[in-house]
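Required output: the full structure, derived from the provided sequences and hints.
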Amino acid sequence: MPLAIGALAPTFTLPDTDGTPTPLHDGDSAATVVVFTCNHCPYALAWHERLQAVARDYLPRGVRVLQINPNDAERYPRDSPAAMAARVAAGEFAGPYLHDSSQEVAHAWGAAVTPDVYVLDAEGQLVYHGAPDSDHHDDSLAAEWLREALDDVLAERPVARTETQPVGCSIKWLS
Amino acid sequence: MVHSVSTIELLYWDGCPSHPEALRDLRAALDELGQPELEVALVEIATEEQATEYGFVGSPTLRIDGVDPLPPAEDEPPGLTCRVYRLRDGRYSPTPDPADLRDALRQLLPPSAQEA
Numbered sequence: 222m223p224l225a226i227g228a229l230a231p232t233f234t235l236p237d238t239d240g241t242p243t244p245l246h247d248g249d250s251a252a253t254v255v256v257f258t259c260n261h262c263p264y265a266l267a268w269h270e271r272l273q274a275v276a277r278d279y280l281p282r283g284v285r286v287l288q289i290n291p292n293d294a295e296r297y298p299r300d301s302p303a304a305m306a307a308r309v310a311a312g313e314f315a316g317p318y319l320h321d322s323s324q325e326v327a328h329a330w331g332a333a334v335t336p337d338v339y340v341l342d343a344e345g346q347l348v349y350h351g352a353p354d355s356d357h358h359d360d361s362l363a364a365e366w367l368r369e370a371l372d373d374v375l376a377e378r379p380v381a382r383t384e385t386q387p388v389g390c391s392i393k394w395l396s
Numbered sequence: 303m304v305h306s307v308s309t310i311e312l313l314y315w316d317g318c319p320s321h322p323e324a325l326r327d328l329r330a331a332l333d334e335l336g337q338p339e340l341e342v343a344l345v346e347i348a349t350e351e352q353a354t355e356y357g358f359v360g361s362p363t364l365r366i367d368g369v370d371p372l373p374p375a376e377d378e379p380p381g382l383t384c385r386v387y388r389l390r391d392g393r394y395s396p397t398p399d400p401a402d403l404r405d406a407l408r409q410l411l412p413p414s415a416q417e418a
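From first to last, the protein sequence lines stand for chains L and Y. Here the working numbering is used: the first sequence runs in plain steps of one and ends on residue 396. Here the working numbering is used: the second sequence runs in plain steps of one and ends on residue 418.
There may be inaccurate statements among the hints.
Restraint-style ranges between C-beta atoms, simulated for each label pair [claimed, not checked]:
1. L:Gln346 x Y:Ala343: 46 to 52 Å
2. L:Glu325 x Y:Gly368: 25 to 31 Å
3. Y:Gln409 x L:Leu229: 53 to 59 Å
4. Y:Glu350 x L:Leu229: 37 to 43 Å
5. Y:Asp391 x L:Asp293: 29 to 35 Å
A few chain L residues facing chain Y, derived, Cβ under 8 Å [claimed, not checked]:
6. His261
7. Tyr297
8. His358
9. Val388
Listed next, the stretches of chain Y that the computed footprint assigns to chain L, with coverage defined by at least 3 CB atoms under 8 Å from CB atoms of chain L [as the list claims (entries may be wrong)]:
10. 317-323
11. 373-384
12. 387-400
Hints in this document: simulated from the structure, not taken from any laboratory. Just so you know, even glycine gets a beta-carbon here, dropped at the ideal spot from N, CA and C.
Structure, rendered in structure tokens:
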């Protein structure tokens, strides 16, 4: 079951591609975006640049974006830690790219696909869950559903659109 | 002029949501090529064993008389996954570029009555 809107998101600490433990909360974020994503999924790849643009655009406004790869890297080697590190080294990520090797975080959050987008407010409560926008083909949409949710949070008003249907590749669970 | 009807298969894995869009694009390409009467067989690939047996590198995969009109890289491993396509402008996509699909079908399908 996915997290309910308004629920306090389960905390975690996951390693980034350098092995540095990275916690969900750093103490002073105005909002936090968590995206379950991966290397091999065409939906994740199609939305990828739009999500990096969000991370860059909202960083100065106190928004932290954490991207998590939860896939079984043994069956899907393109999602291996080495492949993740190569993408980070190539400058493809605008924020930490974390590895959920046990898949405990993906299970705890009820993530189902990549990409699967969650927005937390400053208190760590879930205020948006779903897709970045309505069409993976259309770059001009610019992850507008995610941006709208962040704009609402940062303006300290209720998020108008709290849930949309995530669209993407199923998470590749451990056998 | 009589032409043999090709076998068109759309191989898909249900864990990937892209095959309905691929089927729509395929039907549109067949319409555009004047061959809307050609049937498309949907073939579900449900297990890793089937993926290996069929040489299925991801969903969706098209076969025209057993030939992939948009062949993957030779080292692409079979498996239950969404297939990554590149659009003509370089962007990633879960479905083929409709123009690539149309051009590939034109090469592989027999000419239509209209074109003959």
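Ascending list of hint numbers which this structure does not respect
2
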